[in-house]
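Fit chain L to the supplied structure of chain X, relying on the hints for placement.
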Amino acid sequence: MGLIWEGIKKAMELLWTLDPEVLGITLFSLKVSILATGLSLAIGGAAGMALALTRFPGKRLLISLINTGMGLPPVVVGLFVTILLWRNGPLGFLEILYTPSAIILAQTVIATPIIAGISLAAIQQLPADLRLQILSLGASRRQMLLCLAKEARLPLMAAVMAGFGGVISEVGASIMVGGNIKGSTRVLTTATVMEAGKGNFDTAIALSLILLVLTFTVNAVLTHIQQRDRPR
Amino acid sequence: MTPAQAPILAARGLNVHRGGVQVLEIPEFELQAGTVLALIGPNGSGKTTLLKTLASLQEPTEGAILFRGQPLASRPGREAYRKRVTMVFQEPLLFDTTVARNLEAGLKLRGVPGPERARRVLAAARTFGIEPLLERQARKLSGGEAQRASLARAFVLEPEILFLDEPFSALDPPTREALLDDLGSALRQTRTTAVIATHDQEDALRLADRIAVLHRGRIVQSGTCFDVVNHPVDEFVAEFVGMEIVLPGQVTASGMGLCRVAVAGLEVEAVGSPAPGEAVLLGLRPEHITLSTHPGPATSARNSFTGAVTRIVPRGPFFKVELDCGFWLAAFITPRSLEELALAPGQPVLAAFKATAVHLIRTRHS
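Chains X and L are the protein sequences, given in the same order. Each residue of the first sequence is one higher than the last, beginning at 11 in this note's numbering. Each residue of the second sequence is one higher than the last, beginning at -12 in this note's numbering.
Chain L with its partners taken away, still in its complex shape:
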């Protein structure tokens, strides 16, 4: 792999206006092959517009989109591009026929011969657990089943880029969980390059390698999940990504509903039963971390680490104290505690948090 690998998809000087109002302004966008990128942002931030523009379903007012280095200039060019990528929408948008025919529809449009169609439809149906539903009428499916069929209809095409527009936002939590798991493993197994729009930080962490945060039609930050979540560039991103501390780790032991996760050579205890060896992300909120200078009386905090203060930042009525404990941590404390503990950069401090405060996130790398 050369370091300066050409992106599979790029956009330059992208501008989209609607009714005289600018809804999207993306000077530069690049997507590397094999990457899953999550576009996160609140409703109305331009996620759907960006996806539709990148999928060439909507013309930008200005700017160029390049697929494997070639600009999508002419109409035949865009049609050819659309035969190599595909998009899944928020609504399943199934055709009024059987599930099998739905899964077959794109393959037919792309001129895939019959026997191969049948084989691929079956494989995709298995991936999404809808094999028993193949002969069912699409209009008789439940919401979750319909969205599975819609995802299978996209995966069966083996697209070079898959665009997904919040395909789980209309589902109830248990249905959504199961679907997220299946989508995650399908993305991993097929190594599909994908762009997923979501307003949910956890969905993004579970599915994606990289995150781009969209705010009022602009990408305000993009980078690895770890970077974006732990080092938000501004308050909007910090507030939007919510949980402030995300640590990558690997499960070393698991049992009785508790697990130990190795993070930068140290062990963190968390609630959950992932398999040993699994790579996970640990989410922590700074408000759940307590600081002290002396080992105090026994508390219920299972996790206790010694670190050095690296930075103290005022945050409204609190201070945010950032620590280096071998890994990065941050805690919120009141001005009075700051005074009592006499904290200053470089000073050693004891950080503690409960196992129940750790939010275990299973990732696509597990």
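Only chain X is shown next, with the shape it has when bound in the complex:
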């Protein structure tokens, strides 16, 4: 018990004094995960919308694949991205393994299916005739798509949050493709694993608290969105 209590006390101190290392790791984690979420939104959001609004053979299969992808184990993603980026691998020429770019790439692979799956559902739950209603008000195709996205903005926001929540808290991929290099590829999760391994529970607890606050915020916003009533 004493260990935990001491840990929490020192963790508070680290947070209160804005320990430069903890602050640096936090900001770096946010930067990497926000970038990865942004990329995933561009790819996954567009894919989800396209999938919701078109009909083609094999659509069901593709949707099942995306839904499976929503639960990809980060370690598996980490392994495949590592192989891809390995010096002799197909993307080895990029020379980005063990750099922040590699983490962003791996996290994008994790978050894209999550965002695509939720965006797909978000657009599908809009009334079927809404698309026609927008067109009949005089919208071009591009304006119609924008308008639909705006109508689905809350569930789309939920998609972004879910994607962000997924990547900020994963450790398997970051550690494999980033390598937890101090000052370069160390993120909240990999640092927590390392500090705990070294017995530095105070720092580990401080890092965990920050992660907890981040995930709590994400979930609070998600819950708020889900509980909101829908228009007629």
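Any given hint could turn out to be false.
Lysine-lysine pairs mimicking DSSO-like chemistry, simulated, CA-CA at most 27 Å apart [stated by the list, open to error]: (1) 160/X - 19/X; (2) 70/L - 95/L; (3) 208/X - 192/X; (4) 95/L - 160/X; (5) 192/X - 19/X; (6) 192/X - 41/X; (7) 160/X - 341/L; (8) 160/X - 127/L; (9) 95/L - 127/L.
Derived list of chain L stretches under chain X, where covered just means 3 residues or more per stretch with a C-beta under 8 Å from a C-beta of chain X [as the list claims (entries may be wrong)]: (10) 79 to 86; (11) 89 to 96; (12) 107 to 117; (13) 318 to 332.
Keep in mind that the hints were calculated from the coordinates and are not lab data. Virtual Cβ for every residue (Gly too), placed ideally from N, Cα, C.
This is chain L only, laid out in the frame that chain X set:
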């Protein structure tokens, strides 16, 4: 006005297939500017599909649609057409924002400048009685309010053609009545050309100049309301339009819940309080009309007219006797009564019906 005026909207050889099944087959369709056309038919008769096709929201499998004589061929052509017409759906389909922004949405898409938008939004909101709701969130509106907002969002565009797909079918009766009245006067005031899909004959009579009856994807009859209702071409139309006799008339006097309506120079008494001078339609069912050859003992029938039998048609277990009393009437009688009255074409007969049997329909021409 030239007699051969070009229609504002026409369709030729329209065919719509869905999943290999033909859902619509309309060889010829024409709509004159300023006309309100009601498309009536049961659920699944193709009303919605026809509306969506005419509004260019759905591509026909075959056939052409012509707007002011020009075929809608290319995608830019169809987009330009959609900026000049609009459609109101069964569901209000409002955007998740304020009522004012909903009303403004189409104007923005059509590039109407800001100050004009504000002015037109206010005017349309007044027409539909939703001015106090403009700053309200659309998702907080009741069903009737939402449908009013949806209609206002269409009228504010001043569309050259307005397509309406049963916009009242989801509403409770009192809400629906009030909305029908407001929609009727909005259509009259703006002289908007409109196509309204409905499965309700009375809605059609109240709002439209012409009726087209749809059955299994085909227009089985089209014409003025009077023609379609009084002279159905087949049994389907007769059964679907229900009330068989519809007479146009003008109110001459009104009071104490009763009114007198002049029909072809004669006076019919009916229940209702329309304003004198108002043009109305009188609906009557043949089963409510009794026939006799001699003036009998006093009955409670307020209306009694002498006419000549024009035609006797068998109708299942009954006969339908058609009369000319100065206006057209029809009555159902049993084979035995037919024998007892010794009715034959050309013979004079007395037709009577109660004031309560007359269904007063206030029309868009009132």
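- Item | Structure versus earlier hints - violations, ascending order | 1, 7, 12, 13
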